[in-house]
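Based on the provided sequences and hints, a complete structural model is requested.
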Amino acid sequence: MRYAIAIGLLAALLAPLIAHSDSVLAIAIYAFMAASLAVSFNLIFGFTGQLSMFHAASFGVSAYIVTILVTTFGWNFWLAIAPALAVVLILSLIVGTICFRFKLKEFYFAVVTMAFSEVLRLIILNWNGMTNGSLGITVVDRPSLWTPIGNVAISGGVAWYYLTLALLVVVYVVCHGVLSSWIGRCLAAIRLNDQLGETLGIDVFKYKLLSFAIGSVLAGLVGAFYGFYSGFVEPHYLSIPLGLDIIAMVLLGGVGSLIGPVIGAFVLTALPHVIELSAELRIALYGSILVFVILVMPKGIVGLIGSKRNAA
Amino acid sequence: MLLDIRNLTKRFGGLTAVSNVSFGIERGEIIGIFGPNGSGKTTTLSLIAGILVPTDGSIVWKGKDISAVPPFEVAQHGLVKTFQNPQLFPELTVAQHMRIACHLHIKRALGFGRVWSLFGGMPAELNGTLTRKIDQMLELCRLADKRNEEAGALSYGGEKMLGVAMGMVCEPELLLLDEPASGLGHDEIMNLDAVLRDLRTHGVTLCIIDHKVGFLGRLADRSIALHHGAVIATGKTADVLANEAVIEAYLGKKHA
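So the sequence lines, in the order shown, correspond to chains A and B.
Residue numbering for the first sequence follows the working numbering, starting at 666 and increasing by one per position.
Residue numbering for the second sequence follows the working numbering, starting at 2 and increasing by one per position.
Some hints here could point you the wrong way.
[To be verified] Pairs of lysine-lysine, BS3-like flavour, derived with a Cα cap of 30 angstroms:
1. A/Lys871 to A/Lys964
2. B/Lys213 to B/Lys147
3. B/Lys134 to A/Lys871
4. A/Lys871 to B/Lys65
5. A/Lys770 to A/Lys964
6. B/Lys63 to A/Lys871
No lab work stands behind these hints: they were computed from the structure.
Predicted, not measured: the structure shown is a model, and the values here were computed from it.
Structure (structure tokens):
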């Protein structure tokens with residue numbers, strides 16, 4: 666597995682040398698960002714067992730804050746990321762504290778986080794003066810990177826390709842670090858049997874909150890970049906369908922694995938471009954994939970590869 | 002006194018599960034709590050372990066009131082409870098169970114230094130200590146040859162022993178065992194008996210509940226008999242077992 670990931674990363678680093686086409690690069694960029702969202706979501710869902718519907722909200726809130734700070738208040742892009750992540754952190758701590766103090770589990774946790782996420786979407790939708798309501802905000806600025814030869818604007822497919830690849834690597838490494846530490850074992854204990862974990866001295870509330878906060882902040886990090894590539898932010902960024910897309914990617918790729926959501930994100934991002942589909946059909950396809958995966962391959966693509974290897 | 006329980010009472014709606022129970026536990030002894038089904042044994046243990054909050058009364062651990070402290074904090078204080086029906090982490094192996102149970106050891110050893118181990122990995126020295134400790138405890142609980150097996154594949158008796166082993170890895174001063182012998186065969190009970198005697202030589206205080214009188218009779222220094230949530234007899238195990246009220250509670254008036 667380790668080698669497969671190393672080869673995949675090497676291939677990703679070299680790919681722009683071969684694939685110059687803007688549309689291929691664009692698919693890869695969106696897939697990297699979707700994969701970052703899916704990997705961070707899987708920390709909360711697949712590894713801690715909490716079905717958060719707040720992920721899209723963390724992503725969207727951060728996207729809005731960075732965009733508004735840069736376009737309305739003229740902040741530097743990189744500086745604007747810090748307050749955006751701080752707000753996401755505080756929001757996730759508030760929502761997490763409420764849910765986990767009341768010991769909301771599974772379906773109840775999903776519904777309550779969904780409600781909080783809708784509240785945030787409605788605030789953004791109706792705060793016309795700041796967010797431009799349902800029309801969203803068009804982003805024309807491009808973040809620039811300081812180099813010895815002066816500030817270079819990050820524009821064009823190749824630059825964004827490497828930037829979002831780096832983003833995915835950062836999210837992946839953070840999640841890997843957390844999961845391979847003692848925290849990862851606490852999260853496994855919570856997912857598999859939180860009552861037993863608690864009697865072994867694990868502060869279930871604290872570690873649930875920690876996982877939820879780390880995952881949400883990472884989603885916020887993705888959100889910070891997203892609007893500047895797509896060129897606009899809109900209330901749809903905080904919507905439930907976006908949250909469901911992330912779940913579909915994780916389920917398709919493999920719930921209990923780190924690399925699974927990356928695979929799932931690539932398949933589901935590339936698929937609509939490979940097969941031309943209308944938006945309605947695309948949602949129907951997502952739904953069918955979800956049903957198929959849950960029924961036939963509960964451990965996703967990664968699980969399928971793993972079981973083939975074990976059988977051989 | 003290590004643990005001092007005073008006038009412990011627990012009501013569930015109209016039902017009084019534990020009524021005005023008082024007893025103490027001294028360091029190094031093995032205390033037995035027995036009584037027929039529904040006499041409030043498990044409720045008492047759950048109250049001590051913080052899983053339930055008492056309606057009334059107090060639980061004092063080394064001079065500190067812990068009656069409203071959550072279970073994970075009770076475990077940090079050094080009181081660990083095992084479950085009557087073995088609780089496992091599905092999918093994980095025996096060794097992985099033990100590794101999770103090392104949580105408190107890691108916490109005590111590293112403190113806030115744990116945050117650094119996120120970047121540099123766990124100190125090799127600590128890793129070695131944990132591995133040795135896990136091996137030693139699995140050896141003691143007769144699970145050493147099963148360490149890489151999935152815990153769900155263990156026999157019922159094996160699962161119960163794993164519960165004891167996990168509890169011991171938490172380094173408790175007082176281990177609360179909820180019916181460790183129930184559902185075990187004769188050989189497994191003899192094995193459990195030997196394991197618990199071994200534990201005592203390791204300096205652990207044990208509080209064991211069971212409705213199998215024979216098993217506790219051999220092991221416990223002192224016993225408390227419960228019936229309908231109240232203490233009906235307390236003292237040396239042999240005396241408690243010979244107590245008329247206890248025999249009556251178990252067998253009915255005719256046999257007393």
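These are the hints, each one checked on the structure:
| no. | hint | in the structure |
| --- | --- | --- |
| 1 | A/Lys871 to A/Lys964 | 28 angstroms, holds |
| 2 | B/Lys213 to B/Lys147 | 28 angstroms, holds |
| 3 | B/Lys134 to A/Lys871 | 27 angstroms, holds |
| 4 | A/Lys871 to B/Lys65 | 24 angstroms, holds |
| 5 | A/Lys770 to A/Lys964 | 21 angstroms, holds |
| 6 | B/Lys63 to A/Lys871 | 26 angstroms, holds |
Hint compliance for this structure: every hint is met.
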